[in-house]
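Peer 1: The listed protein sequences derive, respectively, from chains A and B. Be aware that the first sequence starts at 638, since it is given in this note's numbering, and climbs by one per residue. Be aware that the second sequence starts at 238, since it is given in this note's numbering, and climbs by one per residue.
Think of the hints as simulated: they come from the structure by calculation, not from any bench. One thing to keep in mind: the hints can contain errors.
No more than 25 Å apart at the CA atoms, straight line, and that leaves these computed lysine-lysine pairs for DSS-like [to be verified]:
| # | chain 1 | residue 1 | chain 2 | residue 2 |
| --- | --- | --- | --- | --- |
| 1 | B | Lys304 | B | Lys250 |
| 2 | A | Lys750 | B | Lys250 |
| 3 | B | Lys304 | A | Lys746 |
| 4 | A | Lys679 | B | Lys304 |
| 5 | A | Lys679 | A | Lys750 |
| 6 | B | Lys250 | A | Lys680 |
| 7 | A | Lys680 | A | Lys746 |
| 8 | B | Lys304 | A | Lys680 |
| 9 | B | Lys250 | A | Lys746 |
| 10 | A | Lys750 | A | Lys680 |
| 11 | A | Lys746 | A | Lys679 |
Facing chain B, from chain A, some residues (calculated, C-beta under 8 Å) [stated by the list, open to error]:
| # | residue |
| --- | --- |
| 12 | Phe674 |
| 13 | Ile676 |
| 14 | Gly695 |
| 15 | Tyr703 |
| 16 | Leu846 |
| 17 | Met849 |
The structure displayed is predicted, hence computed values, not measured ones. For glycine and all other residues, C-beta sits at the position ideal for the given N, C-alpha and C.
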Amino acid sequence: MSTQRIQPSFATTGGTLSEANLVIGGHGSETMEARPFAIPSKKLVMWLFIISDSVTFGAMLFAYGYLKNASPVWPSPFKFYPSIFNVLLMTFVLVSSSLTMLIAIGHAKAGDKGKAIRWTYFTAALGVLFAILHLREWSGLAAEGVHMFSNPWGSPMFGATFYSITGLHLTHVLGGVIALTVVGTRYGTGRYTADDLELGALYWHFVDLVWMFVVPMVYLMNIAR
Amino acid sequence: MSTDTSSNPALGKDLAVYGIILAIAGLQVLMAYRTAPGMQLMLQMLALALVQGGIAVAFFMHLRNEKRGLVLALIPTTIFVLVMMNMIWSDSFRLFRMHP
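Please take these sequences and the hints and turn them into a complete structure.
Peer 2: Printed below as a string of structure tokens:
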């Protein structure tokens with residue numbers, strides 16, 4: 638918790654002493670509220686973002702389930718090869734990227750900046766690989782006729798919900814790649830600390846977590862038999 | 238890049254968690270092909286995904302190391318909201334039953 642007191646600047650700057658200066662200066666460290674949950678406020682904000690984003694993805698998966706139940710014919714287009722094989726590969730890449738991020742954080746906490754940055758960049762590279770595999774999966778489905786509002790097998794809503802859920806997840810992955818690259822670079826220049834890198838890691842693990850629910854609910858429940 | 242991870246003492250546990258998560262992912266694929274699609278498969282998939290997610294939150298996101306107050310503030314509220322969303326299911330079968 639910050640215990641820094643804001644002193645009135647009247648004497649040093651020669652300016653006027655505002656009421657705000659007096660009010661802020663009047664609150665000493667002894668009267669300030671303790672930090673909630675004993676974590677930095679930035680980390681608490683990240684957790685709150687993760688919770689709200691979980692509910693967003695939850696709502697999208699519920700909408701997918703609703704439309705699936707309400708449709709007389711729901712397509713099952715995912716063959717083992719290429720779709721399920723590709724999804725397994727994507728899962729392997731994303732879970733591995735969580736592990737490499739943990740290694741980066743371990744090095745950052747140990748004070749080894751060079752290794753922490755290299756592992757963070759490696760994690761971002763795995764994120765890019767995941768995105769490439771995802772686009773390959775999409776292009777394969779599009780070639781089979783699965784479009785946003787049409788497909789050859791059943792409810793036209795399949796494409797809308799499928800591309801919305803996986804597209805939102807892919808957006809999170811790409812956002813994470815950018816965030817990790819920026820935070821890693823700024824950590825290298827000394828502008829950010831190991832705690833900031835840990836926030837990036839927290840977000841990255843969340844992206845991994847969402848994928849753990851998308852795979853069974855969207856892909857494995859609709860395999861071609 | 239350097240692959241020296243010797244200065245990371247928690248890596249052994251992280252590797253075990255990583256292996257378990259991947260094993261569950263493999264098990265899900267196996268079950269998807271061995272079980273007929275339906276409510277039973279969906280519940281099995283959901284249960285395994287919850288185990289996977291719980292492990293990831295506890296170990297990868299280190300929520301188990303945080304204060305209990307934070308866990309109690311975050312997890313029950315999220316579960317409550319997600320459980321409340323389940324009220325939509327009866328309506329999703331309206332087309333077939335001709336009533337909600």
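Peer 1: Compare the structure with each hint and give your call.
Peer 2: Verification of the hints:
1. With a CA separation close to 21 Å, the supplied pair lysine 304 (chain B) and lysine 250 (chain B) stays within the 25 Å bound.
2. Proposed proximity of lysine 750 (chain A) and lysine 250 (chain B) is supported: the alpha carbons are some 22 Å apart, at most 25 Å.
3. A hinted pair counts as satisfied when its Cα atoms are at most 25 Å apart, and lysine 304 (chain B) with lysine 746 (chain A) qualifies at roughly 20 Å.
4. Annotation: proposed proximity of lysine 679 (chain A) to lysine 304 (chain B) holds, straight-line Cα distance about 16 Å (limit 25 Å).
5. With a C-alpha separation of about 21 Å, the suggested pairing of lysine 679 (chain A) with lysine 750 (chain A) holds against the 25 Å cut-off.
6. Distance hint between lysine 250 (chain B) and lysine 680 (chain A) is fulfilled; the C-alpha atoms sit about 23 Å from each other, no more than 25 Å.
7. This hinted pair checks out: lysine 680 (chain A) and lysine 746 (chain A) have alpha carbons roughly 16 Å apart, not beyond 25 Å.
8. Proposed proximity of lysine 304 (chain B) and lysine 680 (chain A) is supported: the alpha carbons are some 13 Å apart, at most 25 Å.
9. For the given pair, lysine 250 (chain B) sits about 17 Å from lysine 746 (chain A) by alpha-carbon distance, which is consistent with the 25 Å threshold.
10. Proximity of lysine 750 (chain A) to lysine 680 (chain A) is assessed by CA-CA distance (about 21 Å); at most 25 Å being required, the pair is judged to hold.
11. Taking the CA atoms of lysine 746 (chain A) and lysine 679 (chain A), the gap is about 17 Å. The hint holds against a cut of 25 Å.
12. Here the hint on phenylalanine 674 (chain A) is kept, as its CB sits about 4 Å from the closest CB of chain B, short of 8 Å.
13. Against a cut-off of 8 Å between C-beta atoms, the interface hint on isoleucine 676 (chain A) holds, since the closest Cβ of chain B lies about 7 Å away.
14. Hint on glycine 695 (chain A) holds. Least Cβ distance to chain B is approximately 5 Å, under the 8 Å limit.
15. Among the interface hints, the one on tyrosine 703 (chain A) holds; its C-beta lies about 4 Å from the nearest C-beta in chain B, closer than the 8 Å criterion.
16. Residue-level restraint check for leucine 846 (chain A) holds (minimum Cβ-Cβ distance to chain B is 5 Å; threshold 8 Å).
17. Restraint check, methionine 849 (chain A) versus chain B: the minimum CB separation of about 5 Å is within 8 Å; hint holds.
Of the numbered hints listed earlier, not one is contradicted by the structure.
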